[in-house]
Amino acid sequence: MMKLSRDVAGPCLAPGGSVVAVGAFDGLHRGHQALLNDVRERAQALGCAPMVVSFEPLPRAYFSREPVARLSSVREKLLGFAAAGMQHTLLLRFNQALTAMSPEDFVQRVLIERLNVREVWVGADFRFGHKRAGDVAMLERIGAERGFAARTMPAVSLDGERVSASRVRALLAAGNFGAATPLLGRPFVIEGKVEYGNQLGRTLGFPTANIHLRERVTPVQGIFAVRVGLGESACSWPGVASLGVRPTVNQVAQPLLEVHLFDFEGHLYGQRMAVEFVAKLRDEMKFDGLDALKVQMSHDARSAREILGMNPTLIDA
1 MMKLSRDVAG PCLAPGGSVV AVGAFDGLHR GHQALLNDVR ERAQALGCAP
51 MVVSFEPLPR AYFSREPVAR LSSVREKLLG FAAAGMQHTL LLRFNQALTA
101 MSPEDFVQRV LIERLNVREV WVGADFRFGH KRAGDVAMLE RIGAERGFAA
151 RTMPAVSLDG ERVSASRVRA LLAAGNFGAA TPLLGRPFVI EGKVEYGNQL
201 GRTLGFPTAN IHLRERVTPV QGIFAVRVGL GESACSWPGV ASLGVRPTVN
251 QVAQPLLEVH LFDFEGHLYG QRMAVEFVAK LRDEMKFDGL DALKVQMSHD
301 ARSAREILGM NPTLIDA
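Heads up: the sequence shown runs through residues 1 to 317, numbered per the UniProt record's numbering.
Incorrect hints may appear among the rest.
[Stated by the list, open to error] Below, a list of computed lysine-lysine pairs in the DSS-like style, where the Cα atoms sit at most 27 Å apart: (1) K3 - K193; (2) K294 - K193; (3) K294 - K280; (4) K193 - K280.
[Stated by the list, open to error] Cβ-Cβ distance ranges computed for the label pairs, FRET-style: (5) M285 - P67: 15 to 23 Å; (6) H130 - E284: 38 to 46 Å; (7) R60 - A83: 20 to 28 Å.
Just so you know, the hints here were simulated from the structure itself, not pulled from any lab data.
Here the structure is a predicted model, which means the values were calculated and not measured.
Think of the CB as a built atom: it goes at the ideal place given N, C-alpha and C, for glycine as much as any other residue.
Work the whole structure out from these sequences, hints included.
Structure follows, in structure tokens:
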């Protein structure tokens, strides 16, 4: 089982030495996966621990005055690290104290004292330390002086373009899930625990399972055909979902993911649910009353059934 630590200060986490990947790792796309794979293989060859250093909140979100969309939750990212074979994650709190740390102090306190690093792996555009003063060349120089190696992971390309989190976010925002899937190495999924709502969907003939995203901002908004996984099951149950702020009823200030599972009977409250986004049907919009909203929901359900290969006439209305 992967271990998790949060602080710069503390005892050495790898007395036998470590190979470390450092980065934000939003979405754990194929480029990230390749980097973690190299770290795991090098750690095995050197007989030491494969480890990862990441940051929460994401650095770009910390410095932004506007909400910043992200591809994965903290939980999803940590599960991805564990699946990639990392033995320990140092998930540093990205705050004023960390941003004030010089590149030399970051290397000394985090990589050397905390992680006993033998190799550190980063992307070619990696920057670190106060005012992003540190770069790969500085990391290589300090490593040569202090007895560890700095390695850079070549960019992973697909169809002649570099795989990046920003590229994935742009594709998802455009509803192009088919193009985003090979970059991620998997379909785009949002998972969370089903919570109670106001049960408005039930009164309209479309009961929904609700996942409150709270402060998390996703690159997707609108109405979607989806497949759902319950508990540990694969995403196979067909449905239609809304992700947004419900402008017609104006009852949520933060994004809410509402999922109507076709032909489903049972209770979902408290269960973990994974929602795979298959196709975007339309943008979220405000309707002139609940009757108009219900008519549109029927149209959305029919479209989703068609996309998911179901009988479109069997709508829940």
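We went through each hint and held it up to the structure:
1. With a CA separation close to 23 Å, the supplied pair K3 and K193 stays within the 27 Å bound.
2. Simply put, K294 and K193 have alpha-carbon atoms about 26 Å apart, close enough for the 27 Å limit, and the pair holds.
3. Pair hint K294 plus K280 holds up; C-alpha atoms about 19 Å apart against a cutoff of 27 Å.
4. Straight-line distance between C-alpha atoms of K193 and K280 comes to about 23 Å, which keeps the hinted pair within the 27 Å bound.
5. Checked against the hint of 15 to 23 Å, the pair M285 and P67 passes, with Cβ atoms roughly 21 Å apart.
6. Between H130 and E284 the C-beta distance comes to about 41 Å, which sits within the given range of 38 to 46 Å.
7. Checked against the hint of 20 to 28 Å, the pair R60 and A83 passes, with Cβ atoms roughly 24 Å apart.
Figure legend: structure checked against the earlier numbered hints; every hint is met.
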